[in-house]
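Participant: As a plain string of letters, each chain reads:
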Amino acid sequence: MWKMKCGPWRYRVERGDPIQVGECRLFPVVRVWTWSRRRASVGSQAFTAQGALMESLAPMAVVLERPGERRLIPIVDITRLLLWAIAGLCLAGTLSALAAHRALRASNRSHGGEP
Amino acid sequence: MSDIVSRFFQVFEESRASASVQAVFGPPESRGEVTVIPAASVRYGVGFGMGANTPEGTEEAGAQGLGGGGGAGTRARPVAVIEVTPTEVKVHPIIDYNRLVMAGICALVWLTFLWSGVLRKFIASRAGTH
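Note that the protein sequences, when read in sequence, are chains A and B.
Going left to right, the first sequence walks through residues 26 to 140 as this note's numbering numbers them.
Going left to right, the second sequence walks through residues 1296 to 1425 as this note's numbering numbers them.
Hint data in this document are derived by calculation from the structure and do not stem from the laboratory.
All values reported here derive from a predicted model rather than from experimental measurement.
Worth double-checking, as some hints may not be accurate.
[What the hints assert, rightly or not] If you want the footprint, here are the derived chain B segments under chain A, 3+ residues with CB under 8 Å:
id	region
1	1316-1325
2	1330-1344
3	1376-1382
4	1396-1404
5	1414-1420
By construction, the Cβ of each residue, glycine as well, lies at the ideal position given by its N, Cα and C atoms.
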């Protein structure tokens, strides 16, 4: 459906087969992050091969189709959003603590105290 | 040997193609007029490595060295449930409170540790100036 590639990273959005429920047809939409790497070297006396793949699939939305209606219903991963919010708060708290620490050191120096 | 390598990469590509929309959206379950469709976030990883060596002058059987290994892991986490009724379609998000509480506690411990150090320095500098 939609693709993007950057080095070993790939991002794509896929639409699956419709799920029929009564008059409704629901088309699931999934976002996929892929990281893959593979390598092989074949010589006259030796050969080596390595490969690795990581993939993350998450629901993005469902497209609802029924007589006289067609709309996109987004699916939000609230747990993931809240975890990112906690990580952001943690980062902000860490940076502000470092800034406060530097400010204290600078003021101590200017007052002739301990560095 | 190159056959083995190409077979390995074929298995590798097949495992990749098998990950599809069906892994994320479960089959619909109906109870009366209500149908629910579970949706999950799925992550998986596969890795392998192999190598062979035939030192010069040791072409006879048994002198070859060959080794390899691999591993795989997968994780799935429920994200939402889609509820379909004859009149409407609703998405009910699933919140993982255990993960949130654990992440919150870790963040709180880290920030308390950092800010207690800053506060100690602040109190010490105040005591030094007065």
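Participant: Take the hints in turn and mark each one as holding or not.
Facilitator: Comparing the hints with the structure gives:
Counting residues of the region 1316-1325 of chain B whose C-beta sits closer than 8 Å to any C-beta of chain A gives 7, which meets the bar of three, so the coverage hint holds. Residues of the region 1330-1344 of chain B lying with their CB closer than 8 Å to a CB of chain A number 13, which satisfies the three-residue condition for coverage. Interface restraint, the region 1376-1382 of chain B with chain A: holds (3 residues with C-beta to C-beta distance below 8 Å; minimum three). Counting residues of the region 1396-1404 of chain B whose CB lies closer than 8 Å to any CB of chain A gives 3, which reaches the minimum of 3, so the coverage claim holds.
Judged by the Cβ-Cβ criterion of 8 Å, the region 1414-1420 of chain B is covered by chain A as claimed, because 3 of its residues qualify and three suffice.
Comparing the model with each earlier hint shows no violations; every hint is respected.
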